[in-house]
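Chemist: Make a model of the complete structure from these sequences and hints.
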Amino acid sequence: MKVKEIMKKEVISVRPTDSVLDVLNLLLKMEISGLPVIDEEAKLVGMFTEKDIISHILPSYIQNVGRFIYEENPKATKIKLAGLNNIKVSQLMRKEVITTTEDTTLCEVARIMLTNKARRLPVVDKSGKVVGIVARGDVLKAFAKEIENPR
Amino acid sequence: MFKKFIILIGISLGLGILVKQIGMTSHQALAISIFCVSVLGTLFFWNFRLSFVFLGTSILLITRTIDLENVIKFASLDVILFLVGMMVLVGLMKEAGFFAWIVGLILRIRNLTANKFLISISIISALLACAVDEVTSIIFIVAAIFEICDYFEVDPTPFLIISVMATNIGSSGTVLGNPIGILIASKSGLTFEDFITKAFPVMLLCLAVMLVIVRLWYRKTLAGLEHKMKELGYNEILVKLISVPPEKNLKISLGIFGVTLFFIALHHRLELLWGLEPNTILLTMPLLSSGAVMIWKWRKARDYIEKDVEWWTLLFFMLLFAQAGALKYTGVTDVLAKNLAGLAGNSLSFLIGIVLWVSTIGSSILDNVVLVAAFIPVIQSFQSLNLNLRPLWWALLFGGCLGGNITMVGSTANIVALGILEKEKNIRMTFFRWFWIGLTVGVVTTVVVWAALTNLPFYK
Numbered sequence: 001m002k003v004k005e006i007m008k009k010e011v012i013s014v015r016p017t018d019s020v021l022d023v024l025n026l027l028l029k030m031e032i033s034g035l036p037v038i039d040e041e042a043k044l045v046g047m048f049t050e051k052d053i054i055s056h057i058l059p060s061y062i063q064n065v066g067r068f069i070y071e072e073n074p075k076a077t078k079i080k081l082a083g084l085n086n087i088k089v090s091q092l093m094r095k096e097v098i099t100t101t102e103d104t105t106l107c108e109v110a111r112i113m114l115t116n117k118a119r120r121l122p123v124v125d126k127s128g129k130v131v132g133i134v135a136r137g138d139v140l141k142a143f144a145k146e147i148e149n150p151r
Numbered sequence: 001m002f003k004k005f006i007i008l009i010g011i012s013l014g015l016g017i018l019v020k021q022i023g024m025t026s027h028q029a030l031a032i033s034i035f036c037v038s039v040l041g042t043l044f045f046w047n048f049r050l051s052f053v054f055l056g057t058s059i060l061l062i063t064r065t066i067d068l069e070n071v072i073k074f075a076s077l078d079v080i081l082f083l084v085g086m087m088v089l090v091g092l093m094k095e096a097g098f099f100a101w102i103v104g105l106i107l108r109i110r111n112l113t114a115n116k117f118l119i120s121i122s123i124i125s126a127l128l129a130c131a132v133d134e135v136t137s138i139i140f141i142v143a144a145i146f147e148i149c150d151y152f153e154v155d156p157t158p159f160l161i162i163s164v165m166a167t168n169i170g171s172s173g174t175v176l177g178n179p180i181g182i183l184i185a186s187k188s189g190l191t192f193e194d195f196i197t198k199a200f201p202v203m204l205l206c207l208a209v210m211l212v213i214v215r216l217w218y219r220k221t222l223a224g225l226e227h228k229m230k231e232l233g234y235n236e237i238l239v240k241l242i243s244v245p246p247e248k249n250l251k252i253s254l255g256i257f258g259v260t261l262f263f264i265a266l267h268h269r270l271e272l273l274w275g276l277e278p279n280t281i282l283l284t285m286p287l288l289s290s291g292a293v294m295i296w297k298w299r300k301a302r303d304y305i306e307k308d309v310e311w312w313t314l315l316f317f318m319l320l321f322a323q324a325g326a327l328k329y330t331g332v333t334d335v336l337a338k339n340l341a342g343l344a345g346n347s348l349s350f351l352i353g354i355v356l357w358v359s360t361i362g363s364s365i366l367d368n369v370v371l372v373a374a375f376i377p378v379i380q381s382f383q384s385l386n387l388n389l390r391p392l393w394w395a396l397l398f399g400g401c402l403g404g405n406i407t408m409v410g411s412t413a414n415i416v417a418l419g420i421l422e423k424e425k426n427i428r429m430t431f432f433r434w435f436w437i438g439l440t441v442g443v444v445t446t447v448v449v450w451a452a453l454t455n456l457p458f459y460k
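Heads up: the sequence lines are chains A and B, in that order. Take the first sequence: its position 34, counted from the start at 1, is 34 in this note's numbering, and no numbers get skipped. Take the second sequence: its position 278, counted from the start at 1, is 278 in this note's numbering, and no numbers get skipped.
Please keep in mind that the hints were generated in silico from the structure rather than gathered at the bench. Just so it is clear, the structure is predicted and the values come from calculations on it, not from any experiment. For every residue, glycine included, the Cβ atom is placed at its ideal position computed from N, Cα and C. Any given hint could be a false lead.
Residues from chain A shown here face chain B by an in silico Cβ test under 7 Å; the list is partial [unchecked claim]:
| hint | residue |
| --- | --- |
| 1 | VAL65 |
| 2 | ARG67 |
| 3 | ILE69 |
| 4 | TYR70 |
| 5 | PRO74 |
| 6 | LYS75 |
| 7 | ASP125 |
| 8 | GLY128 |
Simulated crosslink set (DSS-like; lysine-lysine; CA at most 25 Å straight-line) [claimed, not checked]:
| hint | chain 1 | residue 1 | chain 2 | residue 2 |
| --- | --- | --- | --- | --- |
| 9 | B | LYS328 | A | LYS51 |
| 10 | A | LYS78 | B | LYS423 |
| 11 | B | LYS425 | A | LYS51 |
Modeler: Below, the structure written as C-alpha cells:
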C-alpha cells in the first residue's frame with residue numbers, strides 16, 4: 001500500500017500571514033493538532049501546531065529552569081495571550097518540516113512518523129506543492145485493513 | 001560569509017608568514033597560524049568553532065608540529081572532567097527545583113523597593129555565579145527579573161544588564177564560577193582557599209563599585225520603578241507565583257551539592273593531610289558526587305550525561321587547550337614571554353598591568369576561555385625568568401572575567417541573557433546601549449583590581 005491510497009487529498013492549510021489567533025480557533029474547531037503552512041503557489045513553507053502556540057505562551061527558558069509549580073498565571077503569559085491576534089503564523093511555525101511523497105510505502109511512512117515523532121506528514125510532489133496529508137490515524141487504519149484482508 | 005572566511009585565512013596566513021620572516025621556525029609559524037584560525041573562528045563563525053579546532057589540531061598532528069602524547073597532555077582532561085562533574089551536579093540541582101527556589105526567593109522579597117531590588121539581584125547574581133557556572137545562574141536571575149518587571153510594567157533591559165554584569169564579576173570569586181577559574185587553578189596550583197581569600201574579596205569590592213556606578217547611571221529607571229511599585233502596591237501575586245515542591249529529592253540534592261562544595265573548599269588541606277597530589281580532591285570531588293548521583297538516579301544517568309553536559313563546548317575546550325599547548329611545545333610562548341618581560345623591563349607591576357589590561361580588552365571581544373588558554377603558557381614561561389607568577393594569575397583571572405562586561409558579546413552570560421531578552425520581549429540590544437555602561441563598569445572595576453594587585457603586599 002502507498003501513501004496516495006491512504007492520504008487525505010483535501011488539505012486544509014494556512015498562510016504564513018494568517019494571524020495566530022485565527023489559526024488557533026481553526027485548530028480548535030477542527031479538533032486537530034496542526035496544519036501545513038503554504039505560500040501563494042501552494043508550496044509548503046512550514047508546519048504550524050498547537051505545540052508552537054503553547055511554547056510561545058510560556059517563557060522561552062521554561063525548559064531550562066527545572067522543576068517548579070506555577071501557582072498563578074504570570075503577567076507575561078496574559079500579555080502574550082492578549083497579543084496572539086497581532087502575531088503571524090510565520091513567526092511561530094516550524095520551518096524545517098519532515099515530508100513524504102505519494103509513492104512512499106505504508107511501512108516507510110510509519111517509520112518516518114515514529115523516528116521523527118511526527119503526528120502527521122504533509123505529502124508533497126516534486127515541485128514542493130502540497131498534494132495531501134497523512135496522519136497517524138490514516139496509517140493505523142491502513143494497518144487495520146491489512147489485518148482484516150491479509151494478502 | 002565568504003568575505004569573513006577570506007579575512008580569517010588572510011590574517012592567519014599573513015601572521016604565520018610574518019613570524020617566519022622574523023626568525024621563527026616553520027612549526028612555530030604553523031602553530032601560531034592555526035591558533036589564529038581558531039581564535040578568529042570563534043569571532044566570525046561561532047557555530048563552526050568545533051570543526052575549526054578539529055581540523056586545526058589534526059593539521060598540527062599530521063605536520064608533526066606537536067605529537068599525540070602532548071596533545072593529550074595539553075588537552076587538560078582534568079579540567080574537562082571537573083566541568084563534566086559540575087554539569088551533572090547542576091543538572092541534578094535544576095531538576096530538584098533548587099534554582100526555581102532561588103527565583104522564588106527573589107520574588108518573595110518583602111516590601112520591595114527599587115534599591116532593594118537592585119541590590120538583591122546584583123548580590124544574588126554574583127553569589128550564584130560563584131557557586132555554579134555563570135551561564136546557568138544568569139537564566140534564573142533573568143527569569144526572576146522578567147517576572148518582577150512584567151508585574152510592575154517596566155522595561156527589564158537595564159536590570160538585565162545589571163544582573164549580567166554582576167554575574168560576570170561574581171564568576172571571578174571562586175574556582176567554580178567560570179571555566180577560566182578551574183583552568184587557572186589547575187595550571188597555577190592556586191587552591192580554592194586562595195580564591196576565597198584573594199579573589200573573593202576583590203570580587204566583592206568590584207561588585208560594590210559596580211553598584212555605585214549603575215545606581216547613578218540608571219537613576220531615572222530606578223525612580224520609575226519606585227514610582228510603579230508605589231502605584232501598583234505590594235507584590236502579592238509575585239509572592240505566590242511559583243512554588244517548589246518540598247520533596248526529599250531537593251533536600252538530598254542540596255546535601256550532595258553542599259558536601260561537594262565543602263570538600264572542594266577544603267581540598268588543599270585534605271590533599272596535604274592525605275599526601276595527595278595538588279588539586280586531586282578539587283578535581284575528583286565533582287566526579288565522586290556525580291558518580292553517586294548516577295547511582296541514585298540510575299534511570300536518568302544517561303540524560304545527565306547526554307543532556308546536561310555540554311559536550312560541544314567541552315570538546316572545543318579540549319582541542320583549543322591542545323592548540324594553545326602547541327604554542328608552548330614549539331616554544332612560541334617562551335619567545336613571547338621573553339619579549340613581554342623585556343618590554344616591561346622585568347618590572348612585575350608593569351607586567352601585571354599588561355596581563356590585566358590585555359586580558360580585559362581581549363575578553364571583551366573574544367571568548368575568555370580562548371584568551372586564557374593562550375595566555376596560560378605565556379605566564380608559565382615567565383617562571384624561567386624568575387618572576388613571581390601569583391599576581392599574574394590573578395590579573396589573568398580578573399581580566400578574563402571583568403572584560404566580559406565591556407561589550408554585549410563579551411561573555412557567554414551576556415549572549416544567553418540577550419538571547420532570552422530578544423525572544424521573550426522582542427527587545428534587540430544595540431551595541432552602544434550596552435557599550436557605554438559596560439565600558440564604564442569594565443574599566444573602573446579593572447582599575448580597582450589593578451590598584452589592588454599592584455599595591456597590596458597580600459598579592460605579591
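Chemist: Would the stated hint for ASP125 of chain A survive a check requiring a Cβ distance to chain B of less than 7 Å?
Modeler: With a closest approach of 32 Å, the ASP125 of chain A hint is violated.
Chemist: Using the nearest Cβ pair, does ARG67 of chain A come within less than 7 Å of chain B?
Modeler: At about 4 Å, which falls below the 7 Å cut-off, the nearest Cβ of chain B leaves the hint on ARG67 of chain A intact, so it holds.
Chemist: Would you settle whether the hint for GLY128 of chain A is holds or violated, based on the nearest Cβ-Cβ distance to chain B being less than 7 Å?
Modeler: violated, 25 Å
Chemist: Hey, LYS78 of chain A versus LYS423 of chain B, does the alpha-carbon distance stay inside 25 Å?
Modeler: Cα-Cα ~16 Å, so holds.
Chemist: Min Cβ distance, TYR70 of chain A to chain B: is it shorter than 7 Å?
Modeler: With Cβ-Cβ at 6 Å, under 7 Å, it holds.
Chemist: Verify the proposed pairing of LYS328 of chain B with LYS51 of chain A, using a straight-line Cα cut of 25 Å.
Modeler: Roughly 52 Å between the alpha carbons, so the hint for LYS328 of chain B and LYS51 of chain A is violated.
Chemist: Would the hint on LYS75 of chain A be counted as holding, given a Cβ-Cβ threshold of 7 Å to chain B?
Modeler: With a minimum Cβ separation of about 4 Å from chain B (threshold 7 Å), the hint on LYS75 of chain A holds.
Chemist: Quick check on the hint: VAL65 of chain A CB to chain B CB, less than 7 Å?
Modeler: Holds, because the Cβ-Cβ distance from VAL65 of chain A to chain B comes to roughly 6 Å (cut-off 7 Å).
Chemist: Closer than 7 Å between Cβ atoms is the bar; does PRO74 of chain A clear it against chain B? Give me holds or violated.
Modeler: This interface hint holds because 6 Å falls under the 7 Å limit.
Chemist: Check the hint pairing LYS425 of chain B with LYS51 of chain A against an upper bound of 25 Å on the C-alpha distance.
Modeler: holds, 20 Å
Chemist: Against chain B, with CB atoms and a cut of 7 Å, does the hint on ILE69 of chain A hold up?
Modeler: holds, 5 Å
When the structure is compared with the earlier hints, violations turn up for hints 7, 8, 9 and for no others.
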